[in-house]
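Put the two chains together into one complex; each comes in its own frame, and the hints tell you how they fit.
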Amino acid sequence: MLWEALTLQLGYNATLVTVGAALLGFAAGVTGTFLFLRKRALVSDAISHATLPGVGLAFLAMVALGGDGRNLAGLLIGSALSAWVGLLAVSFLTRRTRLAEDAAIGAVLSVFFGFGIVLLTVIQSLGAGRQAGLEDFLLGSTAGMLRADALLIAGGGALVLAVVLALRRPLTLVTFDPDYAVARGLPVARLDLLMMGLVMAVTVIGLKVVGLILIVALLIIPPVAARFWSDRSDHVVLLSGAIGAVSAWVGAALSATAPNLPTGPMIVLTAFAIFALSLLAAPGRGVLAAALRQNRFRRRVHMRQGLLALAHGQPIYEGLTLRLLQHAGLVRPDGVPTEAGQARAARALRDEARWAELRAGPGNEAAAALHDGVRDIETVLTQDQIAEIDRRIGGPRGVPG
Amino acid sequence: MSALSLVPNADRVAADAAALRAPLAIRGLTVSYGQQPAVFSVDMTLRAGAMTAIVGPNGAGKSTLMKAALGIVTPLSGRITAFGAPVELQRHRIAYVPQRASVDWDFPARVIDVVLMGMYRDLGLLGRVRAHHRDFARDCLDRVGMTDFADRQIGQLSGGQQQRVFLARALAQNADLYMLDEPFAGVDAATEKAIIAVLKGLRDEGRTVLVVHHDLATVAEYFDDVLLIATRKVAEGPVTQVFTADNLQATYGGRLATQQIDRLPGAGA
Chain A
1 MLWEALTLQL GYNATLVTVG AALLGFAAGV TGTFLFLRKR ALVSDAISHA TLPGVGLAFL
61 AMVALGGDGR NLAGLLIGSA LSAWVGLLAV SFLTRRTRLA EDAAIGAVLS VFFGFGIVLL
121 TVIQSLGAGR QAGLEDFLLG STAGMLRADA LLIAGGGALV LAVVLALRRP LTLVTFDPDY
181 AVARGLPVAR LDLLMMGLVM AVTVIGLKVV GLILIVALLI IPPVAARFWS DRSDHVVLLS
241 GAIGAVSAWV GAALSATAPN LPTGPMIVLT AFAIFALSLL AAPGRGVLAA ALRQNRFRRR
301 VHMRQGLLAL AHGQPIYEGL TLRLLQHAGL VRPDGVPTEA GQARAARALR DEARWAELRA
361 GPGNEAAAAL HDGVRDIETV LTQDQIAEID RRIGGPRGVP G
Chain B
1 MSALSLVPNA DRVAADAAAL RAPLAIRGLT VSYGQQPAVF SVDMTLRAGA MTAIVGPNGA
61 GKSTLMKAAL GIVTPLSGRI TAFGAPVELQ RHRIAYVPQR ASVDWDFPAR VIDVVLMGMY
121 RDLGLLGRVR AHHRDFARDC LDRVGMTDFA DRQIGQLSGG QQQRVFLARA LAQNADLYML
181 DEPFAGVDAA TEKAIIAVLK GLRDEGRTVL VVHHDLATVA EYFDDVLLIA TRKVAEGPVT
241 QVFTADNLQA TYGGRLATQQ IDRLPGAGA
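Chains as they are written, first to last, in our numbering: chain A, 1 to 401; chain B, 1 to 269.
One chain only, chain B, in its complex shape (with noise of 0.2 Å):
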């Protein structure tokens, strides 16, 4: 989008209406904590169908966007709308996996209990749980190979493990946009691998896949779409495209070595 264009605004924003029916799209988000922006004006259009990745330094605002998005912070300013209207109203196509640290793992809950909190909103207020939420729930356990834990104290559950069942959970909403803050920080191997595949599969089913990202190596073999940034959005679109290494140079500043660019899988010069 050029900065300088001779269109009326008029113009520019029926252009963007399209754009606006997308799973997410955020225009000029800003956040800042205290005085510091730790988003700084990013539009993005997230692509229906796709996988797409979020990635950049640390700091660099990647779960803050996120969370803004879905009201968990406070934007100063900004336009945030999903599949058309106003994201408030949207909540129940949207799952959001948060971060595992996120929560204390103490807590007195069943790897099923937390499951069935996916689907609260089917179990009402007072609504029983009944057999067939119970099946459903743990078709969603079977979906991230975790069967077997499902009457498990949560707090006896490896990293990986936490991460499936967050997942799981996830999984229950039966959403259309799946928002994930780093699922694969600190999982081991095989629950990274569990987790892309479920990820593939809701692609392939039509649905919208968006992850906080912090691992460049891996970022062209998982995703089709990616959106680079610190504070500010440096680019966005297929990783072919933009996974670039001036794109890269640019979003990493001296942090990311020129030979490390180079060995990156998918990022041509």
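Just chain A, same shape as in the assembly (with noise of 0.2 Å):
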């Protein structure tokens, strides 16, 4: 059954629920970036809870008109309303009192949310909303989905992921260098609510498959675990697109392998899934390259102290330090250093003399901050900061041998 959801051979509904799911993902995930690098992930998490009191809303409105309470575009276009509210209210609070802005996300979000439970249950009670259907807005689902649905989802994530890639150039200055970016006469405060309007977009559409308490992980998840394998962020947005829509496209077959299990948290399992394996297995950040480097570096301090020890003409006691000595061909068996050993020796102490002038000397601290007693300072300064520092400490000092 999961492999058929998963192959999509579960009925042309089935597979259009799971296409749109998909591209949401990927949508969530590239937007998702952009509101993680601008370090304002948590106001998501305000627009998602304040979508419901619009779903409520716009439920109540449909059937006192006479519609069907439950057309989602009519459903999507109140919870985007009120989502609108929710934002301007932090911004406003965020603007004009000296409320910081997690405090206003915490407020707005929670008032929202009441509210929108209020109005929900009011319409539990009402004849009419009994089959609503209304609460699978919270986790979502895609069961008995409809095909239009499942077209405006697709649709929708599809124009989000359009523009969104059209505008990646201004919206990576405005996320790196928001100053630099107004003096190139960016429209700044306008990217950054274009910014908010796409987050919300995805918000909106993502309320019946993702469910608005969990749509926010779908926004940062990815981002976060796209960042731990990549240091471009043009391949960190397009990962985390990747990593959406994996999520999304796993978590809907799964969900729809058995009855009542509800989307959202499926989706958001694959991803926590995902993100796992990004921190323990990606190169460079990743928790298991961190352990082989430390290794990597322990032997490099061993080696760093023989070449020392040969420097100073002391003995050397430790075991490890003189067999990666004599396995570089750098002392004899006897101890004695060899020829090669000597003028490695001698670049050794030339360097720590520079790194000691580095780390005297002002202006210097990120680079000094590198200084762990074994990266050799060429690979850290430009050729004419070397020569700086060698001017000040003099020509290279020979070495006993």
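For the record, the hints were derived by calculation from the structure and aren't laboratory data.
Keep in mind that this is a model prediction, so the values were computed, not measured.
Glycine residues also receive a C-beta, built at the ideal position from the N, C-alpha and C atoms.
Hints should not be assumed to be uniformly reliable.
Footprint (simulated), chain A over chain B, 3 or more residues, beta carbon under 8 Å [what the hints assert, rightly or not]:
#1 58-72
#2 90-96
#3 103-117
#4 185-192
Chain B side only, calculated, beta carbon under 8 Å to chain A, not exhaustive [what the hints assert, rightly or not]:
#5 Thr-30
#6 Gly-34
#7 Gln-36
#8 Tyr-120
#9 Leu-123
#10 Leu-125
#11 Leu-126
#12 Gln-153
Here is the structure:
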């Protein structure tokens, strides 16, 4: 059953839902990257919770007008309007009062969500509302989703994706260095607003699939996971989109395998699995890579200590140090340095002197912070920076043979 | 400019028009944070093809003046023109180097990516980064001695190297006016030399350079002109005429002892 769901063999409607969810996931991952890099990830939580009163009010309005209260497009428009009000409230509280953004988010999120829950309870008690299924908007459900609903979600996801990809350069510039972006004449305030508008769009079209409580996870987990794998923002954006798409695809398929399995939590758990894998296995920033680096570092420390001992003509007692030096052909089995060993020892000594000078002088805190006792200074400074240090410490010194 | 002039206002405006063709002309600029003016009614005219320093004590509004000129902070009042037109229309001719500490250096970007941000206009929204873009970005890195670092993650750079990357990004704009906010704060001696060499090179090509500067000892050595401010303008003009003990005393008040001023290179009494 799971395999059929994953490979889109559960019929036309299920296929449409899965593909729609994947597109939504891609759009969420891509949009979320800019939000995450702008350090405003939590604003999305306020936006998503602020959708709930809109859902309830739209339902009541459509019923009062004699229509079908469950019309998805109508519910989404209502949720977008109330999310917009929530966003304005956060922005007003942050700008016009002394409240910090996190406090404003907390206040707006809880008030809107509380009001939404009250509305939902009222609707449940009405005759017309009993089968409304509005509680699906809390945790997401693809069961019984109509073809038109799936098309709406897929189309919305594609539209958001197109806008973000078209504006990726200005968005990156604003995210990295907003002051510089203003000086370049970019409409920074409007781009920030657009970013929030896109987040709101992702939230609203994701309501039915992921649910408003967990949509924030689809905006934040993919970029955080993607960041482990790359140091380039354009790669992080695409990777984050891919992680969001895979999570949504697999999560939607998983929830299709059992009745009453909510879609949102399955998607979020899939995304978390990818995050956990990234945390462990990513090269560079991952935990395993860090452990391997630590081990390599230990051997380099021993090597460096050995070379400095050779340079100072001191005896070496550490077994590992001697083995490493011998293995590299720097000392003979009786502990006497070879010619190569003497040259390497002299270089190590010079490197030490340069580091000492660098750390003593002003203005190099960041480079000096990279000092770990084993790193060659050539990997940290430019040639003219090294030349300046050499000028201050004088010519190379000899080593005792 | 005498405060009580008998020349009619229209004539004064006409006389000022020439000055307004300067690379940067600021008239009556006031910026305040809350109800506390950081810059009060400052006029300044930048001389084309010169290197000018903005000098003053901490909190004197040096960076604020520069940010207001660029539209990063909104002034309460004042008129700003660049090359004879409102500054908003001339942004493509102005390159800004913000303070290094104003961005998060853990941002996922390589050195070359930051320099390519300077070429934002040439790249457009959707255009691909082509070989000639990348070559030009590498040229800019070469001018600040950072070619070998093009593929480094920016978080792995020293303070001086970060400053050089910011300068390279500005060079990639190929601008006529360069505005740098404290480019020598917390950088090593070699970087300071390298940056000054690049800036003097720009000036010798006829471009204009404006620097927020905090080291009084190097003003005379590095700059042609100086603007002394302490919220209000104290003086502006060539270093040889304006960088005097009296003006410094007026700028720094009691914060600068007379003996310190006497020891400053170029600060004639």
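State the violated hints by number, sorted upward, taking the hints as numbered earlier in the document. As far as the earlier hints go, 5, 6 and 7 are violated by this structure, in ascending order.
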